[in-house]
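A.B. asks: The listed protein sequences correspond, in order, to chains V and U.
Quick note: the first sequence, position 149, residue 149 per our numbering, numbers continuous.
Quick note: the second sequence, position 93, residue 93 per our numbering, numbers continuous.
None of these hints come from the bench; they were simulated from the model.
Be aware that a few hints might be false.
[Stated by the list, open to error] 30 Å max Cα-Cα, derived DSSO-like pairs, lysine-lysine:
| no. | chain 1 | residue 1 | chain 2 | residue 2 |
| --- | --- | --- | --- | --- |
| 1 | V | Lys299 | V | Lys351 |
| 2 | V | Lys152 | U | Lys237 |
| 3 | V | Lys358 | V | Lys123 |
| 4 | V | Lys363 | V | Lys351 |
| 5 | U | Lys50 | U | Lys237 |
| 6 | U | Lys169 | V | Lys358 |
| 7 | V | Lys363 | V | Lys49 |
| 8 | V | Lys299 | V | Lys217 |
| 9 | V | Lys351 | V | Lys321 |
| 10 | V | Lys351 | U | Lys166 |
| 11 | U | Lys309 | U | Lys166 |
| 12 | U | Lys50 | U | Lys345 |
| 13 | U | Lys237 | V | Lys356 |
| 14 | V | Lys278 | U | Lys169 |
| 15 | V | Lys152 | V | Lys299 |
| 16 | V | Lys152 | V | Lys49 |
| 17 | V | Lys278 | V | Lys321 |
| 18 | U | Lys166 | U | Lys50 |
| 19 | U | Lys214 | U | Lys309 |
| 20 | V | Lys299 | U | Lys237 |
| 21 | V | Lys299 | V | Lys356 |
| 22 | V | Lys363 | V | Lys299 |
| 23 | V | Lys152 | U | Lys50 |
| 24 | V | Lys152 | U | Lys169 |
Note that this is a predicted model, so its numbers are computed, not measured.
Single-letter residue listing:
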Amino acid sequence: MTESQKQLQPKKSAKGFFGKLIQNQLFIPIAALLILVIFNLIADPSFFKISLDESSEGFLVLSGYLITIIDNASELAILAIGMTLVTAASGGQDISVGSTIAIAGSVVLRVLCGTDSRPDQMKAPIIVAFIVCVLVSALFGAFNGMLVAYFKIQPMVATLILFTAGRSIAAWINNNELPIISDPSFGYYGNFIPGIPLPTPVFIAAVCMIVIALVLKFTNLRLYAQSVGINPSSSRLNGINPQVIKFLTFVILGICVAVAGFIKVSRLSTINYSVVAKDIEMDVILAVALGGNALSGGKFNMTASILGAYVIQFLTTTLFKFKVNSAAISAYKAVVVIILVVLSAPIVRNKLIELKNKISRSKANTQVGKEGV
Amino acid sequence: MFTVNTDTRSKKLKNRVALTDTNLLLFITIAVFVVMYLCAIIFLGKGFTKPQAFFNILNENASLIILSCGMSLVMICGGIDISVGQVTALVCMACAVHLDFQGGNIYTSMLIALGIGLAFGLVQGFLVAYLEIQPFIVTLAGLFFAKGMTTIINASQFNVENEQFKALKATEVTVPLMGSYNKAGDFIPAYVEVGVLVAVFVVIALFCTLRWTKLGRNFYAVGGNNQSANMLGINVKFTKFMAHLICGLCAGIGGYVYFMHVGSGSPSHASGAEMNAIASSIIGGTMLTGGVGNIAGTFFGVLSLSTIKNIVASLGLDEAWWTNITVAAMLCIFLLVQSVILARKNSKKK
């Protein structure tokens with residue numbers, strides 16, 4: 001009885017506040033997506049062309065800008081899952097994801113290559129490398145989580161430590177060498193599996209989304225993370241341990257980072273420590289913000305965050321298509337971020353609502369006046 | 001009898017509180033710097049005993065000192081500014097392009113540097129203080145905006161050939177009564193660059209501002225407790241705005257000092273400088289939670305950090321990688337120390 005009630009409750013509230021929910025959360029990413037789609041339709045309709053071509057290995061694959069977007073957004077979407085939880089529970093963001101991806105990728109290559117930087121065949125099964133990579137990333141996530149939860153350091157500053165040291169640690173794991181894996185089966189996870197026309201990262205991202213959807217549906221993680229984010233001390237009084245919840249969200253983000261890092265190295269079968277996943281933390285935070293989630297913690301909407309990740313990739317690909325220098329893209333994104341945060345700032349929102357109320361009130365007043373006459 | 005007792009107790013308490021806050025952290029910083037410099041002298045030989053070795057640290061880190069001072073100010077006020085490093089790069093690039101391609105002179109280039117710093121400070125300060133957006137997000141966007149703008153202005157590195165600027169860059173100010181004898185027995189006076197003088201001026205100016213002016217004390221009050229500062233009649237929003245404005249200005253000045261040191265424009269200039277500035281501030285005893293900090297501490301924080309870097313470099317380790325790791329490790333240790341101090345303070349209150 002109680003369990004069914006618990007399951008019903010979120011659905012009820014979603015139905016009850018349906019209109020409000022759309023206005024608050026999913027509205028922004030969908031609107032941004034629509035603006036981008038319309039812009040591209042006007043500028044160049046061939047943006048949406050999808051063709052079935054033969055790849056270099058002799059099987060049919062889908063290609064086109066849209067495929068590129070859903071392919072490249074996979075890592076972003078996976079990271080957005082973890083980042084949303086961290087943001088909700090701790091009220092801050094993890095800025096070390098890019099560096100930790102470098103570490104995760106480095107670990108994968110280290111396990112697969114052993115001490116040889118150019119092995120003819122892999123030294124260990126891929127699944128072993130993946131498990132080790134997940135463990136190591138979770139460990140680094142736990143390090144961040146420990147600093148944030150138990151030592152009460154602001155999340156962004158605590159993760160600044162790994163942000164600085166991460167890429168150096170990644171290089172140190174492989175003795176500053178750049179191992180290359182020649183076995184094509186390792187590339188399946190970042191590119192195409194023969195016979196399947198869609199890129200594999202899309203499926204990996206889908207699996208991650210299903211897993212997190214199930215976790216949020218069948219556990220109390222959502223409720224706990226939100227209550228810890230809204231008020232840690234009152235949730236402690238209600239029997240939730242805020243420290244454990246914060247710690248847990250960072251470990252989950254660590255696992256997300258491991259999956260994303262695995263895809264990243266699989267794409268190229270090698271790694272460049274100082275370039276891999278550079279500035280991805282900005283994109284992930286932007287995705288969370290675009291999803292309409294409060295960056296100061298509290299309530300979150302996972303769907304909106306994931307949608308936000310795809311919108312960001314859409315924006316990036318659009319800018320790339322118009323031959324904007326890859327380093328200059330960050331300036332455009334920064335402008336988008338500023339516009340978004342200004343629009344979502346509570347003060348600005350309140351002012352807008354006040355303005356709206358004033359207008360409606362003055363309308364009502366004039367109506368009343370007319371009736372009186 | 002009773003009143004006397006409470007008096008002495010409160011006096012004792014006052015002393016202890018004074019020691020746990022700013023002063024203790026400052027003492028730790030200075031002690032760390034002295035110990036580290038002694039270690040460097042003992043283990044790495046005579047290079048570090050020459051006065052010039054010390055002044056070289058200053059020469060190399062003049063811009064970092066200025067950036068860190070601005071950063072400390074914002075952190076004392078309870079915020080953070082991570083855009084300073086990229087603003088430095090933007091200033092370098094803008095000034096370099098202005099001097100070489102547009103035929104500008106050094107005075108207009110200085111104005112450009114100050115203007116860029118002021119602009120960043122104004123916009124970020126407004127967004128943080130008056131729209132109450134998280135400082136980290138605002139300045140992260142500022143960081144990326146500056147990064148993008150640097151590339152848009154010019155994507156490749158080049159050295160400035162302007163004669164006037166070259167003369168300014170090569171200016172060396174000798175330090176009186178300091179120097180060393182070379183092998184031939186000639187006396188070589190120690191020198192500092194112009195940037196160091198600017199840095200020292202900024203340090204003294206900010207130190208005095210924080211200690212003796214109303215605005216300076218307001219920074220501490222706002223950082224310590226937002227609401228009680230508000231109840232005391234302090235304009236919290238304006239104070240926060242000023243902190244970001246001064247930090248932006250420091251980024252502009254620091255950027256020009258960096259430009260004077262390297263004499264070139266490049267998108268990769270000063271990358272990670274914000275990290276070093278934050279690390280120096282934290283090592284210098286500025287608390288991230290706000291309300292605690294000291295510009296003098298920050299100065300020693302920068303010196304400690306650069307001494308570590310020098311030690312790492314002279315140990316023959318791969319510099320780029322190991323410096324990052326040591327800096328991060330040091331940052332971690334100091335953060336933990338702060339956290340412990342804070343926890344002790346809170347438990348005492350209870």
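A.B. asks: Hints numbered earlier in the text: which of these fail when held up against the supplied structure?
C.D. replies: Hints 3, 5, 6, 7, 9, 10, 12, 14, 16, 19, 22, 23 and 24 are the ones this structure does not satisfy, whereas the remaining hints hold.
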